[in-house]
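Number of protein chains: 2
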Amino acid sequence: MEDVIAALVITMMLIPQSLAYALLAGLPPQLGLYASMLPLLAYALFGSSGPLSVGPFAITSIMTATALGSAFSTPELGTTLSNDQYIMGAAVLAAMSGGFLLAFGIFRLGFLTNFISFPVVTGFISASALVIASSQFGNILGIELDTSSFFNVLSSTFQNISELNTYTLMIGLSAFIFLFFFPKLLNLFIFKITQSRFLAETLSKTTPLLAMLVSILAVFFWDLSKQGIVVVGDIPAGLPSIALPDVQSMHWESATWKSLASSALLISIIGFVSSLSAAQSFAAKQRQRINPNQEAVALGMSNLTSGISGAFPVSASLSRSAVNFKAGAKTPAASGFTAIGIAISGLFLTPYLFYLPVATLAAMILVAVLSLFDFKAIQRTWEFNRKDFSALMVTMVVTLASGVEWGLISGVLLSIGLHLYRSSHPYVAILGRVPTTEHFRNVERYNVITHPEVVSFRIDASLYFANARFLEDKVNELVASHPDAKHLVLMCYSINDIDASALETLFEINQYLKDANMKFHLSEVKGPILDRLKRSNFLDQLSGNLYLSHYQAWTDLTGLPLKN
Amino acid sequence: MEDVIAALVITMMLIPQSLAYALLAGLPPQLGLYASMLPLLAYALFGSSGPLSVGPFAITSIMTATALGSAFSTPELGTTLSNDQYIMGAAVLAAMSGGFLLAFGIFRLGFLTNFISFPVVTGFISASALVIASSQFGNILGIELDTSSFFNVLSSTFQNISELNTYTLMIGLSAFIFLFFFPKLLNLFIFKITQSRFLAETLSKTTPLLAMLVSILAVFFWDLSKQGIVVVGDIPAGLPSIALPDVQSMHWESATWKSLASSALLISIIGFVSSLSAAQSFAAKQRQRINPNQEAVALGMSNLTSGISGAFPVSASLSRSAVNFKAGAKTPAASGFTAIGIAISGLFLTPYLFYLPVATLAAMILVAVLSLFDFKAIQRTWEFNRKDFSALMVTMVVTLASGVEWGLISGVLLSIGLHLYRSSHPYVAILGRVPTTEHFRNVERYNVITHPEVVSFRIDASLYFANARFLEDKVNELVASHPDAKHLVLMCYSINDIDASALETLFEINQYLKDANMKFHLSEVKGPILDRLKRSNFLDQLSGNLYLSHYQAWTDLTGLPLKN
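Sequence lines, in order, name chains A and B. Mapping of the first sequence onto the UniProt record's numbering: position 545 corresponds to residue 545, and the numbering continues sequentially without gaps. Mapping of the second sequence onto the UniProt record's numbering: position 504 corresponds to residue 504, and the numbering continues sequentially without gaps.
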């Protein structure tokens with residue numbers, strides 16, 4: 001029963017959203033409805049999260065628009081001027097994304113999404129919100145804009161602002177203001193009357209449906225479409241025809257296929273990351289566990305069915321899922337009921353949508369993406385770490401300047417690069433003994449005892465190829481700066497892992513110290529590292545010793561008494 | 001004086017090598033001599049390593065051939081059939097490599113070469129040795145081969161073996177056998193007579209010059225060029241004309257430029273890695289330090305001057321450098337004297353090289369690359385770590401199948417991927433207290449005391465985006481498997497670094513545990529990490545406490561007496 005109520009609320013949210021996100025993807029409105037039927041059933045069958053609401057989603061929709069724009073080289077985002085190529089391309093994108101997601105799930109490749117760091121996700125989603133918002137400026141102002149990039153939208157808005165259609169702007173603006181403020185008022189009002197927080201919150205979510213209704217009536221009675229207001233127009237009633245996309249008839253070149261495939265990969269990654277994080281946050285509240293691979297399969301099936309419905313890529317929407325959760329959706333059956341609700345609307349509601357102004361849908365998109373711009377997270381990253389912040393900013397700027405796909409790619413490459421750079425310059429401390437203790441600390445921070453013949457140091461990182469040469473350089477430097485040194489002790493306390501490049505470097509350091517008439521010792525090597533070193537012949541060739549504790553190394557090599 | 005002797009020995013080695021490596025690069029022989037004049041002077045002026053011998057180098061020569069083949073889409077490695085495009089392309093490659101190397105040095109980008117891991121270098125160089133060797137099969141057998149890849153060479157060798165030229169094979173084979181065995185005999189013989197290990201070793205290095213002389217005389221007196229033996233032919237005498245490459249006259253498309261630039265980048269990276277490791281190994285023996293950025297500048301100037309001499313990319317040759325070191329080259333002046341020696345040869349020696357058979361040069365290349373195939377390092381990597389070994393094998397196989405450039409690229413990407421994968425699944429141990437001590441160990445390995453309400457665990461890795469979700473999953477798992485748990489303690493002893501993604505995960509874990517009515521505690525946080533956490537408001541929001549020692553956390557949370 002709770003699932004049915006939740007489904008009813010979600011259906012009322014999903015009707016306007018599915019139309020709006022189809023507009024955002026540059027596709028005819030009925031495709032939004034198609035994307036909200038079978039994909040939801042597929043998730044209900046394969047998914048494990050009750051509250052998760054799969055369907056059209058702002059970010060994947062703008063990525064679809066970008067993908068189609070670059071595959072067919074007509075970079076016109078957010079317009080309804082679609083053609084057969086576009087529609088077929090969208091279905092192919094959905095099917096391909098579904099295939100990638102299934103592969104993620106089946107081959108347990110879900111870990112790949114780990115490589116999209118938090119700053120990149122934050123930067124990408126915040127910038128996408130701006131790109132999405134800007135793509136709707138034209139629809140709200142009633143002018144044609146160059147939507148090839150965020151900055152081009154801004155400049156062409158300024159250039160063409162004089163041509164704006166006043167009626168369109170009035171509809172768009174009043175819809176925006178209504179959608180922004182009315183839910184809060186309605187919420188307060190219903191709560192005052194009924195004293196039910198649940199009723200107040202869920203009913204206020206029907207505001208977009210109300211906005212649709214009011215603007216349809218306004219256009220119809222005042223005959224506003226004669227004033228240049230663009231309306232949605234004829235939407236074919238009925239259910240999608242289920243078929244594999246008839247791609248043969250399109251005669252696409254291999255470049256088009258490549259372009260679609262790489263876009264589908266990006267869409268599937270972003271869809272997966274956002275839907276997984278939503279699923280996990282709800283699971284936590286119920287002390288459940290989400291299996292990422294299972295979720296990848298479920299989302300993959302949703303996208304595949306979206307593809308064979310002739311629709312476009314889908315993902316989980318966090319905002320709808322939150323409403324679903326509050327409305328009490330406990331099992332994926334809620335998604336199934338929602339699919340039925342949308343199917344009924346698709347069969348009987350479409351004639352009434354003829355006079356729906358595109359400006360109203362654009363206003364809905366604007367309000368929806370406002371919450372995606374995460375200023376707090378941006379600020380928090382700035383305070384925490386400038387390098388992470390730089391990755392965030394680069395992702396944002398590239399997304400704004402060159403579009404969502406390049407933004408994501410450059411962000412991921414930059415985070416990996418920054419991580420490698422950071423771990424290639426680890427913290428190194430030359431150690432001395434804290435008087436009267438067995439502890440060893442950084443000679444630069446503490447007043448410690450050192451010995452001219454025994455140089456010991458600690459490296460705070462796992463040793464691998466990116467910092468192997470750094471270690472070698474550091475040893476060269478230590479040897480050059482300690483002319484009397486006879487022993488070099490590497491305290492391995494912080495070394496969690498070691499790879500073949502680092503092992504080679506240890507061999508080289510050992511040889512180098514031999515050439516310089518010095519001995520190389522290791523202390524406090526962790527068990528797993530020791531096991532690994534034993535598998536090579538490094539310990540046989542080591543000129544010095546292996547000490548369990550650094551204190552032992554110190555007393556043995558300095559010859560100083562155990563307590564002084 | 002030692003520098004002059006060293007220069008004399010190196011000059012005698014370098015004359016045959018420079019001719020052979022020009023052949024390997026698919027370029028006319030005089031370019032090999034040109035590449036051994038100014039570049040050596042440039043290194044003498046800017047470099048810091050005395051023994052390092054810059055000049056034509058086997059690996060960069062084959063990379064030059066590959067680069068020219070793909071830029072001008074004529075994949076014919078190891079042939080002397082060069083044209084103006086090729087020659088100009090080689091000079092441009094050298095100049096571009098020089099530019100990249102200068103940039104590495106000036107912007108301190110030398111750390112980029114760290115990302116080429118030891119297994120990748122080993123796999124790449126060993127596979128390159130096979131590619132180089134195979135590229136000379138045609139020259140030794142006197143047949144035309146498809147040299148587009150290693151496997152194509154093998155199959156076309158089998159197909160065309162019947163057409164082999166017996167005279168060419170005899171010259172090639174006897175040169176190979178002579179070059180392989182004679183140095184060892186000469187070494188023994190001279191040592192027996194003179195009792196000087198130095199004389200024996202340096203004089204035996206002149207074997208290739210002797211092989212050249214003998215085969216020239218053989219061809220000349222028996223008139224073998226009439227039997228189909230390919231000879232080097234006319235080499236224009238004189239010095240290179242110094243000029244910027246006249247690229248305007250070539251009318252290259254932008255695709256050609258892009259292809260040359262990306263190849264030049266790879267060549268400069270490989271040239272830098274090999275020359276730096278050679279320089280460092282000699283510096284170690286003299287307890288000196290090499291500045292990698294300075295070396296990048298020196299190698300950059302060498303390549304730039306090679307470009308304006310109309311030659312091809314150069315690097316340091318480890319084999320020549322080792323001889324230089326033994327012959328006593330102490331300062332870069334040795335390189336200067338060698339350049340003069342080569343210049344004199346270029347002026348007066350070239351007429352005598354007319355009858356030099358290409359098969360002899362091919363035999364020299366074969367013998368030279370034998371030592372590049374590093375079977376020992378391959379075996380050592382296999383024993384040490386299977387993942388590193390897989391990176392090595394992929395690099396080798398791709399190099400053999402798709403050529404040196406793709407081999408290098410796929411190897412680097414694979415090592416980075418493997419590192420990220422490895423660090424995205426770090427070692428996690430659930431901890432219990434070792435009875436009667438303050439130590440905590442893995443519950444699966446030791447017989448330790450645990451408490452149903454207090455779950456503590458340790459993660460052996462720095463926390464960053466690639467393992468942040470892993471940590472989250474692990475916490476979900478721990479909470480699900482410990483239904484009575486009220487406290488979760490993360491022992492941070494092994495955490496060396498933490499980035500914004502991991503911080504966000506800590507926030508999420510804190511919230512998740514709050515939702516599950518549990519408290520989240522940290523113990524043994526390192527100083528730098530603590531400083532970083534303080535810059536965010538994480539510690540204010542932490543539901544539990546921050547403990548200096550894990551033992552403190554245990555006694556406080558379990559309520560058990562301090563000693564039991």
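Don't take each hint at face value.
Note: identical chains are not told apart, hence a pair may lie in one copy or across any two.
Computed list of lysine to aspartate or glutamate pairs in EDC-like fashion (alpha-carbon distance at most 16 Å, straight line) [stated by the list, open to error]:
#1 330 - 2
#2 526 - 460
#3 387 - 473
#4 519 - 234
#5 376 - 515
To be clear, the hints were calculated from the coordinates, so they are not data collected in a lab.
Which earlier hints can't be squared with this structure?
-> Of the numbered hints, 3, 4 and 5 do not hold.
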